[in-house]
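*Asks:* Sequence order for the protein chains is A and B. Residues 0 to 257 in numbering that gives the first Met the number 0 are what the first sequence lists, from first letter to last. Residues 0 to 307 in numbering that gives the first Met the number 0 are what the second sequence lists, from first letter to last.
Hints are computed from structural coordinates only; laboratory data are not their basis. Some hints could be false.
Claimed, not checked - Straight-line C-alpha distance at most 30 Å; calculated DSBU-like pairs for lysine-lysine:
1) B/Lys-203 to A/Lys-115
2) A/Lys-246 to A/Lys-7
3) A/Lys-7 to B/Lys-203
4) B/Lys-209 to A/Lys-138
5) A/Lys-143 to B/Lys-186
6) A/Lys-138 to A/Lys-115
7) B/Lys-203 to A/Lys-116
8) B/Lys-203 to A/Lys-143
9) B/Lys-205 to B/Lys-186
10) A/Lys-7 to A/Lys-138
11) A/Lys-117 to B/Lys-186
12) B/Lys-205 to A/Lys-116
13) A/Lys-222 to A/Lys-7
14) A/Lys-117 to A/Lys-143
15) A/Lys-138 to A/Lys-117
16) B/Lys-209 to A/Lys-17
17) B/Lys-209 to A/Lys-143
Model, not experiment: these values are computed from the prediction.
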Amino acid sequence: MAKRIDVKDLDIYYGDFKAVEGVTMTVEPRSVTAFIGPSGCGKSTVLRTLNRMHEVIPGGRVEGSVMLDDQDLYASSMDPVAVRRTVGMVFQRPNPFPTMSIRDNVAAGLRLNGVKKKSVLDEVVEQSLRGANLWTEVKDRLDKPGAGLSGGQQQRLCIARAIAVNPQVLLMDEPCSALDPISTLAIEDLINDLKSEYTIVIVTHNMQQAARVSDQTAFFNLKATGEPGRLVEIGETQRIFSNPTEKATEDYISGRFG
Amino acid sequence: MSSAQVDHAAAPPAAGVPTPSAFGEKSGGRAVKDVTARVVMWLAFGIAVVPLVWILGSTLVKGGHMLVDSVWWTNSQSGITSRRVGGGAVHAIQGTLIQAAVTAAMSVPVGVLTAVYLVEYGRGRLARTVSFMVDILTGIPSIVAGLFIYALWVTTLGFQRVAFAVTLALAMLMIPTIVRSTEEMLKLVPNELREASYALGVPKWKTIMKIVVPTAFSGIVTGVLLGLARVMGETAPLIILGPYTKVIATDLFDGLMATLPTMINQDRTEALQPALDRVWGASLTLILLVFMLNLLGRFVGRFSKVKG
Ligand SMILES: Nc1ncnc2c1ncn2[C@@H]1O[C@H](COP(=O)(O)OP(=O)(O)O)[C@@H](O)[C@H]1O
Ligand SMILES: [Mg+2]
Numbered sequence: 000m001a002k003r004i005d006v007k008d009l010d011i012y013y014g015d016f017k018a019v020e021g022v023t024m025t026v027e028p029r030s031v032t033a034f035i036g037p038s039g040c041g042k043s044t045v046l047r048t049l050n051r052m053h054e055v056i057p058g059g060r061v062e063g064s065v066m067l068d069d070q071d072l073y074a075s076s077m078d079p080v081a082v083r084r085t086v087g088m089v090f091q092r093p094n095p096f097p098t099m100s101i102r103d104n105v106a107a108g109l110r111l112n113g114v115k116k117k118s119v120l121d122e123v124v125e126q127s128l129r130g131a132n133l134w135t136e137v138k139d140r141l142d143k144p145g146a147g148l149s150g151g152q153q154q155r156l157c158i159a160r161a162i163a164v165n166p167q168v169l170l171m172d173e174p175c176s177a178l179d180p181i182s183t184l185a186i187e188d189l190i191n192d193l194k195s196e197y198t199i200v201i202v203t204h205n206m207q208q209a210a211r212v213s214d215q216t217a218f219f220n221l222k223a224t225g226e227p228g229r230l231v232e233i234g235e236t237q238r239i240f241s242n243p244t245e246k247a248t249e250d251y252i253s254g255r256f257g
Numbered sequence: 000m001s002s003a004q005v006d007h008a009a010a011p012p013a014a015g016v017p018t019p020s021a022f023g024e025k026s027g028g029r030a031v032k033d034v035t036a037r038v039v040m041w042l043a044f045g046i047a048v049v050p051l052v053w054i055l056g057s058t059l060v061k062g063g064h065m066l067v068d069s070v071w072w073t074n075s076q077s078g079i080t081s082r083r084v085g086g087g088a089v090h091a092i093q094g095t096l097i098q099a100a101v102t103a104a105m106s107v108p109v110g111v112l113t114a115v116y117l118v119e120y121g122r123g124r125l126a127r128t129v130s131f132m133v134d135i136l137t138g139i140p141s142i143v144a145g146l147f148i149y150a151l152w153v154t155t156l157g158f159q160r161v162a163f164a165v166t167l168a169l170a171m172l173m174i175p176t177i178v179r180s181t182e183e184m185l186k187l188v189p190n191e192l193r194e195a196s197y198a199l200g201v202p203k204w205k206t207i208m209k210i211v212v213p214t215a216f217s218g219i220v221t222g223v224l225l226g227l228a229r230v231m232g233e234t235a236p237l238i239i240l241g242p243y244t245k246v247i248a249t250d251l252f253d254g255l256m257a258t259l260p261t262m263i264n265q266d267r268t269e270a271l272q273p274a275l276d277r278v279w280g281a282s283l284t285l286i287l288l289v290f291m292l293n294l295l296g297r298f299v300g301r302f303s304k305v306k307g
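Just chain B, with the same shape it has in the complex:
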């Protein structure tokens, strides 16, 4: 072995440079495969990222100026027509937040308890059935959830289309995601902790409440926040059950309630610039809200007691 070779081997191998070794040189065929694989992976990455950056960029450019104006955060669109500049999105932001909160309030207990049942108690037929149903629910297209609640709420029960009906449809979409994410987190809690608790003479339900769920808590919260972020951008059920309105409305059971997705959908077909600006502004606001929820989810996840 020449001294030059020894030096080369001692230096940290540069990325992509094949290091000569006692095992012989890389064969030509493998080097080609290696380069091809690299190129394909980078291409795939590029294809995935470009549209993302593009969307974010153009939304920022076209909608950014709307959000800088304080009116955006304080006013509704009440009395403002497509050709007029002005008004804000507070009615839609409020509606989206209210509906998200109500959806979460309904979905979290049902979803978490279902997951607790499946992981901690579920055995046999019933558990398999429940798990199968959750799988089916996970695959339901959002427009079908919207139509189902419409058929139930409006056609069968004869009620008006109100925000609460929207949250029912959203809950249908959110519950299965919470069940699945919570299940994953509960499964990560080591069995040894349950046994340690039983061995102290702590009953099973108390072990679950005080040991298992707290240990998985931040993971569960992360799952909930990510599920909520997804549901906030849901549009199909809103179009069916919660048409747009320009005014501020906070009553869940009376009248229409605006949301960001329906606000976007409303002016989407307009040709006039003030309306288009509002579409981009609302889009950017929605992206920001979802982004903040994601960020919060990750932040809470940092404190996770169980590492996945």
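With the rest of the complex left out, here is chain A:
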């Protein structure tokens, strides 16, 4: 059920400030695409346009098109709320709902969208937690607060929460940047598992991580400070890391940046 993403000539604005310019890319279904690049070049901004979270920010708007299979996400008939149900998101800092138990956190998406039947919810909770490799760790304390878990567990809880609504695409914005190496590995393993069912786009600052988990890598950069960010190069991860076309990509990857 995973879907393909087609981005074409995308310009992204914060009010009058053009943050990103001219992004064109394709993300294949059931693949992992990594966004790399220096801070502030617009990786998060681009990611957030893929589920219309960008417009949540006052003044946030886009020009250009984002297609999910054959549906235009920015068509006027498209409901952004429905888009977000199809394209899930995991954030940089784990953000479980503090008022909710582990179980309720995972069930939140369904519950808040009107699913009430306990048997259905319990089933989804177990499946999603298993899917997020968290089930065995929490199955005996589902009614404890989600905020009581460790950082890595919280992030996997957030992933479970995101996949519980059965999205087609999963966006992750530096999901491991607040985690220790062991938890990071756990998340990376999880991404490898999830790949068989979802289209995944992940922002990462960690080159090795990009190399380990992704099939395709996109390098973003700023031409100069104050200029909008742009997509410098996108391609198969192996090629980007071994034989990039652009000089800027090579400099960034080899650590000879700026």
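For chain A, the structure is supplied; the task is to place chain B with the ligands on it using the hints.
*Replies:* Just chain B with the ligands, lined up with the frame of chain A:
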């Protein structure tokens, strides 16, 4: 460096004793400033606390014996004159509680929803106007609120002075405090939680109802209770709109209803001891009620999900 100095440095520095250090001794001028600042702060603290303790102490001493008598909690002042001992305050306690409850029932929805609008939706002119109005309302003296409702309720609409009119005036005073305290609590809810909810495909209004408000809930309740405590001691609108009566009355729309502040005000000028005792008793009762609300507010605040 001598060994004595080393020992001294290793010991935990005693309060107020300047520790010698590698940075050199405190200069004389700074030491003087330090002592002066300390003295001024303690003085200010003393000036603030002394009257407080004094009020509490004398109210307890002069009114305490009234509250120990069970009659105080069961009887009204019906048929009891200033020179006679006896009767209770139940009519006033009831009136204060009823009016507080009705005021809260009107103020909480309006105040909380206004705050939700301002924090979650408010952009542009309308929001700025609403926020400005709330600021103005916050500054309205209670007697003006009382007069305003009097002009509306009695002069313009031609109704009698009844308890409901009192609660209208009190609501005018309570709404802005609820708006402000609720706003503060809603602003403390991290934006990440809203985004997490949107990212699950939850619409905005549902995110507010099910995620934002519950997260801020105990803080909102604390604000409401503290606002209520303040409004319960309000006297000016009561003098204008709700004169004292000695009998138990529970009808909001018919007749007068006694309250603790008006009971205090009623006998305040009396010279006879039984009346004075009642004034102190009623004062202590009011302080206790407000104190209990404050305590409850703090207790609920303990469970706050967002830490300020
Ligand atoms: N909420 C916002 N309002 C205005 N400008 C923003 C906002 N978020 C990000 N930006 C700007 O957009 C640009 C790209 O930011 P971002 O996408 O966060 O970069 P990255 O994720 O690659 O570090 C930066 O110049 C940043 O200042
Ligand atoms: Mg970012």
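*Asks:* Flag every earlier hint the structure violates by its number, smallest first.
*Replies:* As far as the earlier hints go, 10, 11, 16 are violated by this structure, in ascending order.
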